[in-house]
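Engineer: Make the full structure from the sequences, and use the hints.
Residue numbers (the numbering used here), protein chains in the order written: chain P, 1 to 427; chain C, 1 to 427.
Please keep in mind that the hints were generated in silico from the structure rather than gathered at the bench. Source: prediction; values computed, not measured. Watch out, some of these pointers could steer you wrong.
[Said to hold, decoys possible] Cut-off 25 angstroms, straight-line C-alpha distance, at most; resulting in silico cross-link-like pairs (SDA-like, lysine to any residue):
hint, chain 1, residue 1, chain 2, residue 2
1, C, Lys317, C, Leu63
2, P, Lys85, C, His188
3, C, Lys321, P, Asp185
4, P, Lys85, P, Met1
5, P, Lys321, P, Thr243
6, P, Lys280, P, Arg341
7, C, Lys280, C, Asp306
8, P, Lys85, C, Lys321
9, C, Lys321, C, Asp306
10, P, Lys85, C, Asp306
11, C, Lys364, C, Gly346
12, P, Lys317, C, Asp185
13, P, Lys321, C, Asp185
14, C, Lys124, C, Gly79
15, C, Lys85, P, Asp147
16, P, Lys85, P, His290
17, P, Lys124, P, Gly277
18, C, Lys321, C, Gly346
19, C, Lys321, C, Lys364
20, P, Lys317, P, Met1
21, C, Lys85, P, Cys146
22, P, Lys321, C, Ala187
23, C, Lys85, P, Gly277
24, C, Lys317, P, Asp185
25, C, Lys85, P, Gln145
26, P, Lys321, P, Asp344
[As the list claims (entries may be wrong)] Far from chain P by the CB rule (all over 12 angstroms, computed), these chain C residues:
hint, residue
27, Val72
28, Gly138
29, Leu152
30, Glu222
31, Gly245
32, Leu376
No residue lacks a Cβ here, since even glycine has one placed at the ideal position from N, Cα and C.
Number of protein chains: 2
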Amino acid sequence: MPERIVIVGAGFGGIAAAQALRHADAQVTLIDRTNHHLFQPLLYQVAGAALSPADIAAANRALLRRNRNTRVLMAEVAGVDAAAKQVRLNDGRRLPFDRLILATGAAYSFFGHDDWAEHAFVLKSIDDALAIRAAVLGAFERAEQCDDPAELRRLLTFAVVGGGPTGVELAGTIAELARTTLARDFAHVDPRGARVVLCEMGDRILAGFDPALSASARRALESLGVEVRTGAAVETIDDGGLTVGGERIDAAAVLWAAGTAARPAATWLDAAAARNGAVKVRPDCSVPGHPDIFAIGDVASFQGDDGPLPGLAPVAKQQGKYVGRLIAGRIAGTPDPGPFRYRDYGSMAVIGRSRAVAEIGGMKLKGFVAWLAWSLVHLMLLVDFRSRVAVYVNWSWSWFTYGRGARLLTGYAPDPGEKPKPPVLEG
Amino acid sequence: MPERIVIVGAGFGGIAAAQALRHADAQVTLIDRTNHHLFQPLLYQVAGAALSPADIAAANRALLRRNRNTRVLMAEVAGVDAAAKQVRLNDGRRLPFDRLILATGAAYSFFGHDDWAEHAFVLKSIDDALAIRAAVLGAFERAEQCDDPAELRRLLTFAVVGGGPTGVELAGTIAELARTTLARDFAHVDPRGARVVLCEMGDRILAGFDPALSASARRALESLGVEVRTGAAVETIDDGGLTVGGERIDAAAVLWAAGTAARPAATWLDAAAARNGAVKVRPDCSVPGHPDIFAIGDVASFQGDDGPLPGLAPVAKQQGKYVGRLIAGRIAGTPDPGPFRYRDYGSMAVIGRSRAVAEIGGMKLKGFVAWLAWSLVHLMLLVDFRSRVAVYVNWSWSWFTYGRGARLLTGYAPDPGEKPKPPVLEG
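Structural biologist: Below you can see the structure in the form of structure tokens.
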């Protein structure tokens, strides 16, 4: 009987592992609680109404159609019984495995302020992105009909917490949406008067980049009208806004991009975890004490040459490919490869429509050149041809016209104070 | 002071009226409870996962950007005070008007069985379409994991009630989704075994068409595997399926396309209404006794040469254009045109990927030729260039690959019996 390999999670890591196992003599089961793989680096463009959900997602079954040894299961995992070698699903079923790959990713963390989650938007799933889109477009619609100056000011204010790439991209895309696409469309309010505040606790945004690029990104954001506040710790978040560095900011929406925590795989295994909850793994990505259980991507804490590897898509993809090949080799009886080594091709963050900062193999790029590099890389990375086509068309079109094709507001909650709540399956 | 003209509803009628008033010396206000105009004839393709919402919708503000005399208001209308010439919004505000155009459309009607609404899906809004998509794709996902033969049979059964164009299009698109796109993607179930039942109370489907075309459409549906039941009246609908003509059919989803009723404009005005609730209007589309209040499209009952005009997009568009011009002429002081006359360019219904039936100016078309005609007409009709591009790309792609680009399942309710309920603003 072929080995049973279970992969939990259809993100970059899980899909890469399944692809690497495609020719292995194994029964592979990929479990995810949604039916689709998401190209997360472009999710902020769905929030900003520039792309449609289908442009950046692909059905897991379609992606793995040619993997004849792979079964896709849409289900939610409740835990792992490591001794019995079984995955427990939350409907009570148990799935036996010979080897297990945990690729469950990370969720947003509010640093112990769980009540903030009710009042702030995050950006992990398609539903999250559509909720942000509805909140932003809905605020302009309400502002158009508002006569109270204080409430009008609030409705045109958007606060983003966290100056990493996601926060920078969200702040840039909202500022640009207001200043270009929406600018001509309202009779009573001028969307260009919208205020976008980016709050970062540290002393600079994009702290993972070279200080010169941080400064360049800051200038680019400011030229789009974003107020960048560094050294500003959030004290409270409520439905009407937030308090940051002692100052009250009334806002139509607070977007949280400040910190993530790994999903609970470590507790499933009773394994040692890093501070963010990620499972500490061995150099072959296996969990200490469980040579047949692997953790990859954001749910794993892998010690690289300069500390733990960051929670980035390329890390997850490379680890998925590595572990898939490692297992395929063990099944085939070939010797193990050496330990996993991360190849860092660089990192990028986009500011608005045509600027970016990038560090690629020691090179530091900024402005339009960096944006071109970013566009090329992301087009190449997109997971299937279908996505590439649609994204390309949408992009070209909105680039030339400043229009936003996907400017739809569905599931809109008409009550002013209320945050639209789409039916959310994933955190 | 220029005349104040209020248009309620941004469907085909309301948008056409606003466009016809573009150069009038007037203050036009278009009110809709969503922010977008919807190309309803293609909505079933969103339900069938072939198109994305943004492909068939456009923001009202973007559509009317060049209408400098027009203000767009996202709000819900609660009633009309005809004596005071005011529209009442449901937040208590009142909007004065000199002339009013009611274009509020129709909603699905369950013929007095309002409890069926809880258990059946309808197809009027984007949220409706996404709910159908989630129910159908979710049923296959659950079937893949189901061991109980009776439940498995239920999960692969879909019932469509109503043999008009919408019912025919829905049944065709679901049957084809199962037999082509999904066919290769499941390990345990064969989606080609899915059962799609189309129930029509009358003695033939597409009763508005020539009997020969009805018969052709029936054969086309049957060749896709759809069971067509005519003379079959629905007796009950519940969460597990429906009873029709004395027979119980357990189904994963029941889709209701059997009858509509006008939205409540007639009661707002205390005006005479047809049996479906539509306001009976005079030959100039005005409401009897209210020469400055007009009703157009599905919310109006207009007596044509052969009885009341049908609830079709071309009727609404032509009436919108007529009333817009009529009012513009009155403002400019030119003589009124003659009474409204509907120009019937024909009607069409699509069966699956490459067949249709059409009656165009006395010509009867069927099969691929009819489908080509249908495609051309619908591409031409699409409201803005952006939509045309994206639909064309998506279509071409899925036509050649049998793939469905938009196969996303968001907001999926994992509980078997439960109908996914997206946050619905419109009925």
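Engineer: Against each hint, give a clear statement of whether it holds in the structure.
Structural biologist: Hints, one by one, checked against the model:
1. Pair hint Lys317/C plus Leu63/C holds up; C-alpha atoms about 15 angstroms apart against a cutoff of 25 angstroms.
2. Restraint check for Lys85/P and His188/C: the C-alpha separation of about 23 angstroms stays at or below 25 angstroms, so the hint holds.
3. This hinted pair checks out: Lys321/C and Asp185/P have alpha carbons roughly 23 angstroms apart, not beyond 25 angstroms.
4. The straight-line distance between the Cα atoms of Lys85/P and Met1/P is roughly 16 angstroms, inside the 25 angstroms bound, and the hint therefore holds.
5. Distance restraint check for Lys321/P and Thr243/P: the Cα-Cα separation of roughly 44 angstroms exceeds the 25 angstroms cut-off, and the hinted pair is therefore not satisfied.
6. With a C-alpha separation of about 16 angstroms, the suggested pair Lys280/P and Arg341/P falls inside the 25 angstroms cut-off, and the hint holds.
7. In summary, the hint linking Lys280/C to Asp306/C is supported, as the alpha carbons are separated by about 15 angstroms, within the 25 angstroms threshold.
8. A C-alpha spacing of about 69 angstroms is found between Lys85/P and Lys321/C, which places the hinted pair above 25 angstroms, so the restraint is violated.
9. For the suggested pair Lys321/C and Asp306/C, the alpha carbons sit about 22 angstroms apart, so the restraint of at most 25 angstroms is met.
10. A C-alpha spacing of about 73 angstroms is found between Lys85/P and Asp306/C, which places the hinted pair above 25 angstroms, so the restraint is violated.
11. Proposed proximity of Lys364/C and Gly346/C is supported: the alpha carbons are some 10 angstroms apart, at most 25 angstroms.
12. A hinted pair counts as satisfied when its Cα atoms are at most 25 angstroms apart, and Lys317/P with Asp185/C qualifies at roughly 23 angstroms.
13. Pair hint Lys321/P plus Asp185/C holds up; C-alpha atoms about 23 angstroms apart against a cutoff of 25 angstroms.
14. Pair hint Lys124/C plus Gly79/C holds up; C-alpha atoms about 22 angstroms apart against a cutoff of 25 angstroms.
15. With a C-alpha separation of about 23 angstroms, the suggested pair Lys85/C and Asp147/P falls inside the 25 angstroms cut-off, and the hint holds.
16. This hinted pair checks out: Lys85/P and His290/P have alpha carbons roughly 10 angstroms apart, not beyond 25 angstroms.
17. With a C-alpha separation of about 17 angstroms, the suggested pairing of Lys124/P with Gly277/P holds against the 25 angstroms cut-off.
18. Proposed proximity of Lys321/C and Gly346/C is supported: the alpha carbons are some 19 angstroms apart, at most 25 angstroms.
19. Pair hint Lys321/C plus Lys364/C does not hold up; C-alpha atoms about 28 angstroms apart against a cutoff of 25 angstroms.
20. Distance check on the hinted pair: Lys317/P and Met1/P sit about 29 angstroms apart at the alpha-carbon level, beyond 25 angstroms; violated.
21. Of the pairs offered as hints, the one joining Lys85/C and Cys146/P holds, with about 23 angstroms between alpha carbons and a cut-off of 25 angstroms not exceeded.
22. Distance check on the hinted pair: Lys321/P and Ala187/C sit about 24 angstroms apart at the alpha-carbon level, within 25 angstroms; holds.
23. Taking the CA atoms of Lys85/C and Gly277/P, the gap is about 63 angstroms. The hint is violated against a cut of 25 angstroms.
24. Distance check on the hinted pair: Lys317/C and Asp185/P sit about 23 angstroms apart at the alpha-carbon level, within 25 angstroms; holds.
25. Annotation: proposed proximity of Lys85/C to Gln145/P holds, straight-line Cα distance about 20 angstroms (limit 25 angstroms).
26. Straight-line distance between C-alpha atoms of Lys321/P and Asp344/P comes to about 15 angstroms, which keeps the hinted pair within the 25 angstroms bound.
27. At roughly 8 angstroms from the closest C-beta of chain P, the C-beta of Val72/C falls inside 12 angstroms, breaking its exclusion from the interface.
28. Some Cβ of chain P comes within 12 angstroms of the Cβ of Gly138/C; the nearest lies about 8 angstroms off, and the non-interface call is violated.
29. Leu152/C, annotated as away from the interface, keeps every beta carbon of chain P farther than 12 angstroms; the closest lies near 16 angstroms.
30. At the 12 angstroms boundary, the C-beta of Glu222/C stays outside the reach of chain P, the nearest C-beta of that chain being 28 angstroms off.
31. The non-interface label for Gly245/C is consistent with chain P: the shortest C-beta to C-beta separation is roughly 34 angstroms, beyond 12 angstroms.
32. Here Leu376/C stays apart from chain P, with its beta-carbon at least about 21 angstroms from theirs, past the 12 angstroms limit.
Hints 5, 8, 10, 19, 20, 23, 27, 28 from the earlier list are contradicted by this structure; the remaining hints agree with it.
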